[in-house]
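Participant: Both chains come to you apart, so use the hints to assemble them.
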Amino acid sequence: MSASLPAAFADLEPFAHLWIGLETMESRYRARQDMPFDALKQFYDTTAPRLADIMAHLDAFGSDTLPSAEARLYRMVLGLVEAAQAVEFFASARLPGAPYPHDVAVGGQAALSD
Amino acid sequence: MTNILSATPEGGFDLGHGMMMPDAAILRDGRVAADSFWSEAQHAAERDAIYRRCWLYMVRAEDLPEPGDYVVRNVEICGVSVLIVRGKDDVLRAFHNVCRHRGMPVADGACGKAEAFRCPYHSWTFRLDGSLKAIPNQRRFPALDAGDLGLVPIAIDMYAGFVFINLDPQPALSLQAFLGGIAPLLEATTLNRFTHRDSLSYEVGANWKAGLDPQYEGYHVGTVHALTIREISVTSANPFSEFRKMAFAGPHAAGWSQGNPSWRPRADRIVQSFAVQTMGALAGRVAGEGYPSAETPASLAIFPNFMIHPGAGGWFTQQHWPLTAQSHRWTAHYYYHAPVTASERLAIAQATAFGRDSGMEDFMVMARQQKGLASGATDSFYYGEAEMLPRHRAAVIRSVLNGAQANMRSAA
Numbered sequence: 027m028s029a030s031l032p033a034a035f036a037d038l039e040p041f042a043h044l045w046i047g048l049e050t051m052e053s054r055y056r057a058r059q060d061m062p063f064d065a066l067k068q069f070y071d072t073t074a075p076r077l078a079d080i081m082a083h084l085d086a087f088g089s090d091t092l093p094s095a096e097a098r099l100y101r102m103v104l105g106l107v108e109a110a111q112a113v114e115f116f117a118s119a120r121l122p123g124a125p126y127p128h129d130v131a132v133g134g135q136a137a138l139s140d
Numbered sequence: 067m068t069n070i071l072s073a074t075p076e077g078g079f080d081l082g083h084g085m086m087m088p089d090a091a092i093l094r095d096g097r098v099a100a101d102s103f104w105s106e107a108q109h110a111a112e113r114d115a116i117y118r119r120c121w122l123y124m125v126r127a128e129d130l131p132e133p134g135d136y137v138v139r140n141v142e143i144c145g146v147s148v149l150i151v152r153g154k155d156d157v158l159r160a161f162h163n164v165c166r167h168r169g170m171p172v173a174d175g176a177c178g179k180a181e182a183f184r185c186p187y188h189s190w191t192f193r194l195d196g197s198l199k200a201i202p203n204q205r206r207f208p209a210l211d212a213g214d215l216g217l218v219p220i221a222i223d224m225y226a227g228f229v230f231i232n233l234d235p236q237p238a239l240s241l242q243a244f245l246g247g248i249a250p251l252l253e254a255t256t257l258n259r260f261t262h263r264d265s266l267s268y269e270v271g272a273n274w275k276a277g278l279d280p281q282y283e284g285y286h287v288g289t290v291h292a293l294t295i296r297e298i299s300v301t302s303a304n305p306f307s308e309f310r311k312m313a314f315a316g317p318h319a320a321g322w323s324q325g326n327p328s329w330r331p332r333a334d335r336i337v338q339s340f341a342v343q344t345m346g347a348l349a350g351r352v353a354g355e356g357y358p359s360a361e362t363p364a365s366l367a368i369f370p371n372f373m374i375h376p377g378a379g380g381w382f383t384q385q386h387w388p389l390t391a392q393s394h395r396w397t398a399h400y401y402y403h404a405p406v407t408a409s410e411r412l413a414i415a416q417a418t419a420f421g422r423d424s425g426m427e428d429f430m431v432m433a434r435q436q437k438g439l440a441s442g443a444t445d446s447f448y449y450g451e452a453e454m455l456p457r458h459r460a461a462v463i464r465s466v467l468n469g470a471q472a473n474m475r476s477a478a
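Just so you know, the protein sequences line up as chains A and B, in that order.
The first sequence begins at 27 in my numbering and counts up one residue at a time.
The second sequence begins at 67 in my numbering and counts up one residue at a time.
Bound conformation, chain B alone (with noise of 0.2 Å):
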């Protein structure tokens, strides 16, 4: 059994490296080396070791629900395009987005229906189980055996309708494993029973990890959220918006916030207020189907890039993929039960406006901390208790470094 469910951070984890503990000094000071937010030895570090070695959430199941339907999802910081795709036999595969001829994308698009990808450049066709279709011309490539030349395959498996895949040839752990004890909290959201979505990415100038912070903790609501958030989150009791608990599984973690129960829109925030009570009477005609209870978390992160939290008329989902040492892409999917009505559906609208806004007062925090960082002026920055999450986080991404490092020395 590996990624064991506790109370507390300090449990071993598995990636694939083999068992590890958390690094003793981050969980215990909280202190973290500023160039891990910044160095390029940092980012191809965690390219080889995390990125291509973990399990990476790509898209729900039912995105995919016929046969034909795919989605092409980029893995910025490896440099691969995956092609995923629901098989004539419903089986869901994933491939490299790289035609076996001279490599161009046999899928455009983020995602699409097909009867089979036909290369854009010298038509090559491939079926939708990635084996070769046709070659035009075929007598003239007499050497090649079109049944080695399907596409090139990638390990993908689903664990409660979340759809993951792996850029390891041949992955280490099971997706079963490397979720371990954090799996139950996967099974018991409902993601699927949401069925309108708005979806959302930006470019942010900040490393990946920086993107995560802020979802990793309640510490910043108070202050960078001061204008929106702060009232929904922060209380006379809880002033610095703690988590009420938290839990760690290998290098998965999740938080339980306190929340402002007595929380209401303010009367003169006329459009606000309308949304949200129209969200709520969206509830009552679906009698509550589904939703997030107080049993979930505020936070569920998994590693590295995956976050879940109950959203204002459903759940919200982001991930964070980082493309240079300095800058990440977010990604964000907000989920509703379908509206019928105009009011609804308006209500919908300010809810992914005030996420996309309050998101938004994150990312330029991220990208002037960055800025700070990347000055040079400290070796090194804070992680306090509140923040046990992202300093977890740090712990386990400095053992998996200095792991492989000295696997890599062994190796040598």
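Next up, chain A with everything else stripped away, as it sits in the complex (with noise of 0.2 Å):
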């Protein structure tokens, strides 16, 4: 596999297949629940510690656009939202009870911009 995050975060180079082509949220709140939870779990398990360095990182770079590596690890620990609320929350990767799959639509008939 080739790299594709910053050096510095090389060891969580394994999970990052799994988010880094989600480009939405919808894309990643389906990918959740297609996921096993054991696989969230454990990608919450090695990356959720590092978070608060990631974000150190990545704040580094202010406001401005983020380089490729930089922006496929933004994209990684936006997957991270997604594994943390079934982690964190519903110990399940999809809400118990919920219909599979869903889709709750971002925009839309609400949205401002399409």
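Derived from the structure by calculation, the hints contain no laboratory data.
For each residue, glycine too, the CB sits at the ideal point set by N, CA and C.
Mixed in with the good hints, there may be bad ones.
As the list claims (entries may be wrong) - If we take Cβ atoms under 10 Å as the criterion, some of the chain B residues that face chain A in the derived model are:
(1) Ser-265
(2) Leu-266
(3) Ser-267
(4) Ala-419
Facilitator: Spelled out as structure tokens, the structure:
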């Protein structure tokens, strides 16, 4: 696997492919529903303790556009947000009892901009 | 003066059918007919007496800052597509999104920016003020007067930046009279200062009033949200998450929560902890600018279907739009201060995901409740005294439908 994340976070490389291709909240939410809980938990257990370091690294770029390796790292921590919903609250990838799969549209009839 | 603010739910209200009193039996007993949540007759009556008569919230004025900015909102229960556009004279106007040639929607998508609206069927073109600008090959319509063929207008008005429309061609009440005593609570909101927004929508297999109910009371929080919100809301002093205060203004209402002032995220919830801490830092960066306060109602309910709440990073608004008698569309906007850093963007993503998931906890329950009610097993259900907001709403709707039926009879 070729390196895609900043060097300081090379140890998280095995998880990068799960999230860096997912550009929207909708696609990350769907990916979370599709992943086994154990996979989400392993990702969370490895990545969440590094969150403060990751965000300190990303925040150093201020409001500038992130370089591509950092952009991928940010995309991965957006995946961590979804994994954390599963791990921190539901102990389950899917909300217990929720229809599978389901999408909550971002925008659409509620949109400011599509 | 209509729709006066009161600490009790018995006050009269006016939706444009004349002054009415909320149904006394429902207010007293909290007992509501089960078929009010599933019958086709109730659905049709609500469409005609409520959704075709009341002022309906559409959009924030700052969403349409410049001439040509437009949004399309569908009031699906009425089958109406509403086009709201800011004209070159800076005036907001609303129209039926329907070409006068053969009925095609002239504006596509949920929003955009236009110089004019060109119908995608035969290119009839309308100006931003709705007037008809051009008919291609007009000589083949020798009898038509283009001056009479502008887009059909819809009544529109604005209060405190909240843009409302009314599908009644001649609304019986002004927006101000409709809002009445609830208006100061709208005035006290500060949504315009929160310029970053996440917008969500979801179709729920439950009546629109079932969709509103969890937003109208805290009673369900300890059960439905045991994994999420419960710890934020439930305390030993307030085990059922009751409002500390309620107020009613005509058909509208508000409830103030007690909350759990000592709540902090659990330390082992690393991502939630980071997000909450970062959201606090964001508040510090903008010096607490415009945030809801202890005097902000946890639930501000503008009849029939618009809710405003304090949110994790600012404000949270939602609407429950009836589709069929047994389904509705939830639309929600989460308002935040504009993020600068990656951490702030991440905190916002966490807050919206948390809001989405706790919303889904409600949707799962109401879809199952819907099946239970529609099974016909019981002829009624109950709202307790701590559920006075939904009880009041049910009493208002009961009276409106009774009154509307009486009016139809007397007109016949």
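Participant: Indicate, hint by hint, whether the structure satisfies it.
Facilitator: Going through the hints against the structure:
1. Ser-265: It holds, given that the least Cβ distance between Ser-265 of chain B and chain A is near 4 Å, below 10 Å.
2. Leu-266: holds, 5 Å
3. Ser-267: Since chain A brings a Cβ to about 4 Å from Ser-267 of chain B, closer than 10 Å, the hint holds.
4. Ala-419: holds, 5 Å
In summary, this structure violates none of the numbered hints.
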